[in-house]
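Novice: Note that the protein sequences, when read in sequence, are chains G and Z.
Oh and the first sequence: position 255 is 255 in my numbering, straight run, nothing missing.
With positions in the second sequence counted from 1, the corresponding number in my numbering is that position plus 1000.
Please keep in mind that the hints were generated in silico from the structure rather than gathered at the bench.
None of these values were measured; they are calculated from a predicted model.
Where a beta carbon is used, it is the ideal one built from N, C-alpha and C, also for glycine.
Wrong hints could be hidden among the right ones.
[As the list claims (entries may be wrong)] Between beta-carbon pairs, the in silico distance windows are: (1) G:A205 x Z:C1016: 41 to 47 Å; (2) Z:M1105 x G:P84: 26 to 32 Å; (3) G:L267 x Z:G1126: 32 to 38 Å.
[Unchecked claim] Sample of chain G residues facing chain Z (criterion: CB under 7 Å; computed from the structure): (4) A14; (5) P84; (6) G88; (7) A95; (8) S99; (9) G105; (10) F107; (11) I108; (12) A112; (13) L240; (14) L241; (15) V243; (16) R244.
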Amino acid sequence: MNLVDDLTAGDRRALARAISAVEDGGPEAAAVLAELQSRVGKAAVIGFTGPPGAGKSTLISAYITHLRRAGRSVGVIAVDPSSPLTGGAVLGDRARMASHIDDDGVFIRSLAARGHLGGLSAAAPFVVDLMDAAGFDVVIIETVGTGQSEVEIAGLAGITVVVFAPGLGDHLQAIKAGIMEIATVLVVNKGDSPLAAATAAHLYAALHLNAGGHREVPIVTTTATTGDGVGDLAETIAGLLSVRPPSPADAPRRLRRMLAALAAENLKEKLLRGTNPEIDSICDEVRGGRLGLAEALRQLARIA
Amino acid sequence: MTKRHRIVLAKMGLDCHDTGIVIVAQLLRDHGFEVIYLGLHNSADAVVKAALQENADAIGISFLSGQHMTQVRLLIEAMARQRMQVPVFCGGVVPREDAAELQKMGVAEVFFPGTLGPEVVARVSGVLDRGRAA
Ligand SMILES: Nc1nc2c(ncn2[C@@H]2O[C@H](COP(=O)(O)OP(=O)(O)OP(=O)(O)O)[C@@H](O)[C@H]2O)c(=O)[nH]1
Ligand SMILES: [Mg+2]
């Protein structure tokens, strides 16, 4: 038996090892990748994003409780940032989901972003595939606490829940932020705060300004710490999923995204390392005004 | 993409002081480790199950409440039950006379109060690098 056979048969240890294999890009990774593609496309993929401290992890934990009551198994991918200086990371999301540790229907994996920008890690789309193949009904992804431009999750998840909380910025920031535009559902968490209603009103106004009123995005107020409103969120997501269920087209799209991320990182590393004479000469040509940017990009893409 | 050391850090039992272990988490992060921090009040089975899901290379626990002997024994038993074999590190307020007994139970390194950061990093790395070479 190989890793992929084992993990599809429900072996959680094999799943954990396979995730490390693709994350580290080790020798097992290529084999795992190849075997996986015929076994994916069944899981509903739900992203949670939003500013640091908005309550994403706490809310996911409360949402898992609802999913489990409905009998659905859940895989969670929790991404936290890596230090740009040392490459190390403190991954703290799962501490907020500790109440599910005894439940075999829940599997949580923390990923460090490892230098990947955009709120995810380069391996994240692949870990979605692994959890999908392992048979989880729902795969939840928590992005790093995002500023304004980490919108990559929208390409990976079928449903993107953008979590805000009172006191983490005003409505002007919400309008500026790209994360408003990727929301399938908007959540105002920390509903126990006296400012929650005002935050919801600001978001409502910002939404209708931004989308010109064309897009109906539900706004749900929750208090993740008590569970208030989390049932409404679960129902809202279930309703959206029934309109757009997971499709076989999702997995090839994820594969494409992963390849895009890896190709970009590969090229970036080669460019920044500065040890490739061909790349050096392209840079010199651009600097000397002899080579246009568009042509330089074409040549660089061929090298990578 | 390269392999990084992944270590699960947790507090077990009733002990509710996490200042020390959070400092160790930052220290290890600053030396390139990926630290999965589980927070307070974890049971032995919870620590081991989290370490399995995270495919961790090591487990680190810290104690201030004098429960280290009982809790470490529970942890080692849970690891045997769940067939998990990784080095265990133990730190906090642990008296020196308990070190031998802890190591006999299977703890790889014991850090006494006052151990300096660089030494912690060096000893943890040493054990993990030896494990990898083996
Ligand atoms: N009062 C209140 N506090 C909350 C609520 N939800 C979360 N919190 C608290 O907010 C803090 C941050 O919660 P997290 O769940 O860690 O937030 P996060 O968005 O996952 O944070 P990052 O992953 O660091 O970006 C914690 O102290 C939570 O207990 C809520 O509904 N009400
Ligand atoms: Mg979080």
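Novice: Next, verify each hint and record whether it holds.
Specialist: Against the structure, the hints:
The hinted window of 41 to 47 Å between A205 of chain G and C1016 of chain Z holds, with their beta carbons roughly 43 Å apart. Restraint check, M1105 of chain Z to P84 of chain G: a C-beta distance of roughly 39 Å breaks the suggested window 26 to 32 Å. Distance hint check for L267 of chain G and G1126 of chain Z: the Cβ-Cβ separation is about 36 Å, which falls inside the suggested range of 32 to 38 Å. A least Cβ separation of about 10 Å between A14 of chain G and chain Z goes past the 7 Å threshold, and the interface hint is therefore violated.
Restraint check, P84 of chain G versus chain Z: the minimum CB separation of about 12 Å is more than 7 Å; hint violated. Interface restraint check: G88 of chain G against chain Z, minimum CB-CB distance 4 Å, threshold 7 Å, status holds. Taken as an interface hint, A95 of chain G checks out: its beta carbon lies about 4 Å from the nearest beta carbon of chain Z, inside 7 Å. The beta carbon of S99 of chain G comes no nearer than 10 Å to any beta carbon in chain Z, farther than 7 Å, and the hint placing it at the interface is violated.
Nearest Cβ of chain Z to the Cβ of G105 of chain G: about 13 Å, over the 7 Å cut. The hint is violated. Against a cut-off of 7 Å between C-beta atoms, the interface hint on F107 of chain G holds, since the closest Cβ of chain Z lies about 6 Å away. Interface hint at I108 of chain G: satisfied, since its Cβ lies 6 Å from the closest Cβ of chain Z, which is below the 7 Å cut-off. Against a cut-off of 7 Å between C-beta atoms, the interface hint on A112 of chain G holds, since the closest Cβ of chain Z lies about 5 Å away.
The beta carbon of L240 of chain G is not positioned within 7 Å of any beta carbon in chain Z (closest approach about 28 Å), and the interface hint is therefore violated. The beta carbon of L241 of chain G comes no nearer than 25 Å to any beta carbon in chain Z, farther than 7 Å, and the hint placing it at the interface is violated. The beta carbon of V243 of chain G is not positioned within 7 Å of any beta carbon in chain Z (closest approach about 32 Å), and the interface hint is therefore violated. A least Cβ separation of about 29 Å between R244 of chain G and chain Z goes past the 7 Å threshold, and the interface hint is therefore violated.
In summary, the structure is inconsistent with hints 2, 4, 5, 8, 9, 13, 14, 15 and 16 from the numbered list given earlier, while agreeing with the others.
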